[in-house]
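Asks: Throw the hints in and build the complete structure from the sequences for me.
Protein chains in written order, with my numbering: chain A, 1 to 198; chain B, 199 to 353.
Honestly, the hints are just simulated from the structure, not real lab data.
Don't take every hint at face value.
Here are the simulated distance ranges between beta carbons [stated by the list, open to error]:
1. B:R218 to A:Q184: 18 to 24 Å
2. A:E56 to B:L312: 40 to 46 Å
3. B:D201 to A:P171: 16 to 22 Å
4. B:E254 to A:E78: 40 to 46 Å
5. A:S72 to B:E245: 20 to 26 Å
6. A:K96 to B:E251: 34 to 40 Å
7. A:D29 to B:E251: 27 to 33 Å
8. B:D277 to A:D60: 36 to 42 Å
9. B:E245 to A:E191: 58 to 64 Å
10. A:S174 to B:Y267: 48 to 54 Å
11. B:L235 to A:A81: 38 to 44 Å
Short, incomplete list of chain A residues facing chain B, as computed with Cβ under 8 Å [as the list claims (entries may be wrong)]:
12. E35
13. P42
14. W85
We treat Cβ as the ideally placed atom computed from N, Cα and C, and that holds for glycine.
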Amino acid sequence: MTIGGAATERPGEVWGQAASAFERWSAGDAVALDELVRVMTPVLWHVVRAYRLTAELAEDVVQTTWLSLVKSRASIQEPAAVGGWLTTTARREAWKVAKAHGRGIPVEDEELSRRLPDEDSAEAEVVRRDGDERLWQAVERLSERCQALLRIVAFEHRPDYTTIAANLGMPVGSIGPTRGRCLQKLRTMIEKNGDHDE
Amino acid sequence: MSDLTDDDLLAGIRAHWESRDPVPDGMTARLQAAAALAASDTDLDMELMLLVERTEELAGARGASTTAYTLRFAHEGVDLLVRVSGDGVASRIDGWVVPPSPVNVTVLRDADVLVTLEVGDTGRFELPDLPPGMLRLRLEPVDESTPFITPAFEI
Chain A
1 MTIGGAATER PGEVWGQAAS AFERWSAGDA VALDELVRVM TPVLWHVVRA YRLTAELAED
61 VVQTTWLSLV KSRASIQEPA AVGGWLTTTA RREAWKVAKA HGRGIPVEDE ELSRRLPDED
121 SAEAEVVRRD GDERLWQAVE RLSERCQALL RIVAFEHRPD YTTIAANLGM PVGSIGPTRG
181 RCLQKLRTMI EKNGDHDE
Chain B
199 MSDLTDDDLL AGIRAHWESR DPVPDGMTAR LQAAAALAAS DTDLDMELML LVERTEELAG
259 ARGASTTAYT LRFAHEGVDL LVRVSGDGVA SRIDGWVVPP SPVNVTVLRD ADVLVTLEVG
319 DTGRFELPDL PPGMLRLRLE PVDESTPFIT PAFEI
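Replies: Written out as structure tokens, the structure reads:
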């Protein structure tokens with residue numbers, strides 16, 4: 001079976017489109033900036049929302065990220081680096097804003113959240129396919145910490161663990177193992193076939 | 199139901215969040231406009247027109263199945279009025295350059311040119327059959343003064 005499938009582009013492809021748009025923009029094509037913003041804004045949104053910011057704060061953070069890019073464009077020598085530059089900048093800013101607002105990702109070690117899955121909207125229910133259903137319920141039952149880390153890792157292309165560690169307040173060496181444990185929990189829950197008894 | 203790879207799981211996680219917490223409506227257009235405005239200080243070869251007014255037309259004024267609104271962009275004494283109407287399948291733009299002057303209009307979607315047309319002394323133009331989506335208009339005065347460009351807007 002497939003899960004998620006072609007509905008959503010792989011980060012590597014998104015990064016490639018961003019690099020191409022950035023290169024054209026740097027060469028003087030003002031309109032290529034629109035393309036860059038269109039391609040990368042969804043990634044930045046998901047990365048920033050992992051820090052549990054409100055929609056308004058998250059949009060502010062993404063806007064700040066774009067304004068920083070415009071200001072710092074000359075410092076990005078390699079177009080392929082633009083995706084990582086943007087996500088790193090967005091995470092740093094999100095972390096700062098989350099701290100200032102007393103939000104952010106809980107620091108306790110990940111454990112399965114005991115709450116039931118949130119009520120879904122009717123539309124969300126309709127678009128789900130069988131495979132997604134099980135995976136999505138499993139995602140919702142992960143701890144907030146696992147959800148946040150996996151959301152960041154899912155949308156970024158080869159994320160830099162050093163900066164993720166810094167702004168998730170985790171030791172660098174623990175990011176890789178935590179990622180693995182969170183994915184394994186997800187896999188186990190799916191294979192238990194959506195069993196709600198925890 | 200076994201052998202789910204990390205990539206399968208990560209793809210599913212993306213699909214989950216794209217459905218449960220999608221990018222808010224209009225956010226991409228707002229950010230495109232903000233980035234373009236910030237960049238216009240450094241893009242000396244192009245003047246950015248700012249959106250100064252947006253007017254919705256009452257639904258039903260021209261038949262229930264169409265929607266229409268008017269945008270006014272301005273920069274240094276030049277106004278561009280754009281009336282956008284559409285039925286969800288194709289969109290139509292009626293434009294007026296004020297004060298009227300001959301310009302070449304280019305319709306851009308990302309880096310692609312959808313249409314170009316020459317506008318005469320009346321300053322009026324129409325683009326009757328455009329695919330819905332985000333676009334920008336670039337206005338190049340025929341006297342070869344600095345071109346103008348609008349922020350991205352949705353048709």
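Asks: Does 27 to 33 Å hold as the CB distance between D29 (chain A) and E251 (chain B), or does it fail?
Replies: 29 Å, holds
Asks: Could you check the hint for me, namely that D277 (chain B) and D60 (chain A) are 36 to 42 Å apart, CB to CB?
Replies: Violated: the Cβ-Cβ distance is about 31 Å, outside 36 to 42 Å.
Asks: Does the Cβ pair S72 (chain A), E245 (chain B) satisfy 20 to 26 Å?
Replies: With Cβ atoms ~23 Å apart, the hint holds.
Asks: Against chain B, with CB atoms and a cut of 8 Å, does the hint on P42 (chain A) hold up?
Replies: 5 Å, holds
Asks: For the hint on W85 (chain A), just tell me whether its beta-carbon gets within less than 8 Å of chain B.
Replies: Given a least distance of 14 Å, the restraint on W85 (chain A) is violated.
Asks: Hint validation: E35 (chain A) versus chain B, beta carbon distance must be below 8 Å. Holds or violated?
Replies: With a closest approach of 4 Å, the E35 (chain A) hint holds.
Asks: Within 34 to 40 Å or not, the Cβ separation of K96 (chain A) and E251 (chain B)?
Replies: At roughly 36 Å between Cβ atoms, E251 (chain B) and K96 (chain A) fall inside 34 to 40 Å, so the hint holds.
Asks: Is it true that the C-beta distance of L235 (chain B) to A81 (chain A) lies inside 38 to 44 Å, as the hint says?
Replies: Given a distance of about 25 Å, which is not inside 38 to 44 Å, the answer is violated.
Asks: Using the C-beta atoms of E245 (chain B) and E191 (chain A), is the stated range 58 to 64 Å upheld?
Replies: 59 Å, holds
Asks: That 18 to 24 Å hint for R218 (chain B) and Q184 (chain A) (C-beta), does it hold up?
Replies: 22 Å, holds
Asks: Confirm or reject the claim that E56 (chain A) and L312 (chain B) have a C-beta distance inside 40 to 46 Å.
Replies: 33 Å, violated
Asks: Take the C-beta atom of D201 (chain B) and the C-beta atom of P171 (chain A), compute their distance, and say whether it sits inside 16 to 22 Å.
Replies: Given about 31 Å between the Cβ atoms, the range is violated.
In the structure shown, a violation is registered for the earlier hints numbered 2, 3, 8, 11, 14, in ascending order.
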